[in-house]
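Undergrad: As they're listed, the protein sequences go chains A and B.
Under our numbering, think of the first position of the first sequence as 2, with each following residue one higher.
Under our numbering, think of the first position of the second sequence as 3, with each following residue one higher.
For the record, the hints were derived by calculation from the structure and aren't laboratory data.
Just so it is clear, CB atoms sit at the ideal spot from N, CA and C, and this is done for glycine as well.
Be careful, since some hints might not be right.
[Said to hold, decoys possible] Coverage of chain A stretches by chain B, computed from C-beta distances (three or more under 8 Å per stretch; other residues unrestricted): (1) 117-125; (2) 218-226.
[Claimed, not checked] For lysine to any residue, the following SDA-like pairs were computed, each having C-alpha atoms within a straight-line distance of at most 20 Å: (3) A:Lys321 with B:Arg134; (4) A:Lys321 with B:Glu221; (5) A:Lys321 with B:Thr132; (6) B:Lys155 with B:Gly29; (7) B:Lys155 with B:Ser90; (8) A:Lys321 with B:Gly29; (9) A:Lys321 with B:Thr135.
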Amino acid sequence: MKALAPLGLVAIVSLAIGGASLAVGRVAVRSDLSSILLELRMFRTLAAFGAGAALAVAGTLAQGLFRNPLADASVLGTSTGAVLGGQLALLALTLFGSNAPIPPELVLPVGTLAGGAVATLAVISLTPSDEGTLGLVLVGFVASTVLTGLSTTLTSLAQESYELSRALTAFSLGGVSTVGPAQLAMAAPLVIFGLVAAVRVAPSLDVLLSGEREASSLGVQVRQVRRYGVAWLSVLVAAAVSVGASAPFVGLVVPHALRRCLGEAHGPLLVASFFAGGAFLVVCDVLVRLVPTPSELPLAVVTSFLGAPVFVLLLRARSKEA
Amino acid sequence: MLEAREMCVRVGAQQLLAPVSFVLEAGTVLAVLGPSGAGKSTLLAGLLGLIPRSGSVRINGIELDALATDQRARYVAYVPQHTELRASLRVREVVLQGRYATPLRSARDDTSVVERCLDLACASHLIERTFRTLSGGEQRRVLMARALATGAKALLLDEPTSGLDVQHALEVHGLVEALARDGKVIVMAEHSLEAARRVATRVLLLRSGHVVADGPPREVVTPHFVSQVFGVLLVEGGGLGFELQRRAGE
């Protein structure tokens with residue numbers, strides 16, 4: 002429980018900080034507006050926590066599945082697929098408006114989940130069955146590149162519509178300021194089930210540290226574990242993007258930092274990644290609100306500025322130990 | 003009992019291992035000898051089912067192909083020549099990997115088995131060390147402890163003394179003999195003819211994927227076969243003999 006205290010503190014800070022003061026009794030804010038602001042910040046805090054938790058667990062899972070310390074959620078093209086799916090959903094919302102077949106607030110989450118799922122399935126089906134992990138990573142890299150190109154093309158074609166172009170760009174850069182209860186309700190179960198599913202496969206990931214051949218000789222069904230892990234990794238990433246956060250470095254930095262304290266066993270690492278990743282992204286979102294810019298900085302900018310130097314420091318500390 | 007019947011390994015049109023058959027009773031140490039590329043590691047991988055093969059492999063009458071991966075791990079264990087393990091795992095955690103396929107485990111049983119297997123492998127003092135900081139010989143003994151932790155009746159060892167100094171090599175051979183006396187079936191791929199003559203009860207001599215000779219060491223490791231397979235002359239009594247020094251107090 003003591004370990005969760007910092008998380009509680011981060012949450013309180015996140016609820017307290019924003020563009021408007023919540024102080025009741027002052028001239029500018031009435032008590033009903035104060036409640037609304039608190040509610041909006043609560044959604045925002047929950048979205049940042051959920052997305053950070055999902056990305057960190059997905060990163061830990063990717064590093065275990067691919068035995069590559071540089072693997073993260075983007076390795077299979079899932080995050081770029083989810084972003085493209087979200088952008089297509091925004092386009093659909095613009096074209097169809099309230100005539101969309103599903104409630105407008107669900108269009109974006111459904112789009113990101115569908116985009117992430119299609120990208121992952123495409124990568125898996127395009128990877129030759131006798132290629133191992135390396136084949137999957139290579140095809141994932143190609144898919145990621147192609148999907149990023151499609152996303153950029155879409156944004157460029159939308160230049161004529163200022164609002165749409167702005168929305169597409171903002172979505173690809175990430176941000177949790179506009180997340181509502183419907184999106185949270187869709188994403189939350191995916192994040193929690195994703196954690197449970199990842200912890201279930203943790204013993205197999207521990208044995209996979211010895212390589213596929215040795216793991217197979219020790220009883221690990223390597224192909225099944227990989228398929229299972231890839232599927233849940235995709236669910237976690239798509240859930241994070243559905244609440245507007247394709248924040249880079251979360252899935253890299255958080256597991257690496259935790260390994261220095263907890264070791265390599267995946268069970269405790271996954272659970273700790275869940276909480277630490279959530280707290281990390283909430284902190285990043287607080288910083289987004291604190292930085293005095295005309296409009297909010299994209300979340301990806303903050304996670305990159307924070308995450309990249311931390312990652313370099315972790316790598317240097319690791320090589321010194323080696 | 004470990005039995006291979008017409009076990010053959012092919013990749014496309016190329017035959018890596020011609021059909022090989024043998025029956026190994028409990029307590030047998032089979033040394034698979036041959037020059038590099040003869041098919042020694044291929045034979046081990048085929049026995050384990052790690053590569054596609056034809057023919058049949060049975061242990062105690064049970065067809066290994068009919069077993070799920072985790073079930074197979076409880077019958078046949080493998081010690082690689084080179085491990086891919088690079089993570090900072092403790093020795094205790096590495097040996098615990100051998101318990102992965104064990105059903106209905108408890109933490110207490112895990113601890114007891116890990117300690118017992120490390121003791122058998124003369125590696126108890128390494129239990130809290132980080133695996134990747136160990137020497138080659140120490141790592142090899144830890145991997146053997148891991149294989150023992152599976153509880154498998156058959157152990158497949160890929161060049162178990164490769165890269166080890168004389169003392170560590172003798173310790174590994176001592177362990178192999180002890181395990182065989184305990185009723186295990188050991189199949190070890192070996193480069194060293196001297197090791198095969200010292201430890202093995204049976205030798206399978208391979209060249210280019212074909213069995214050249216199969217039988218007791220004194221019938222296989224002979225000038226005729228050594229010359230035919232390795233292209234060298236075997237000088238009887240021409241090698242150095244080694245024994246482990248007894249430590250003070252033993």
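Undergrad: Against each hint, give a clear statement of whether it holds in the structure.
TA: How the hints compare with the structure:
1. 117-125: violated (count 0)
2. 218-226: With 5 residues in contact (Cβ-Cβ under 8 Å with chain B), the coverage given for the segment 218-226 of chain A holds.
3. A:Lys321 with B:Arg134: holds, 15 Å
4. A:Lys321 with B:Glu221: violated, 54 Å
5. A:Lys321 with B:Thr132: holds, 16 Å
6. B:Lys155 with B:Gly29: Between Lys155 (chain B) and Gly29 (chain B) the Cα gap is close to 10 Å, so the pair holds against 20 Å.
7. B:Lys155 with B:Ser90: Not satisfied, since the Cα-Cα distance of roughly 29 Å exceeds 20 Å.
8. A:Lys321 with B:Gly29: violated, 47 Å
9. A:Lys321 with B:Thr135: holds, 14 Å
Taken one by one, the earlier hints fail for this structure at numbers 1, 4, 7, 8, listed in ascending order.
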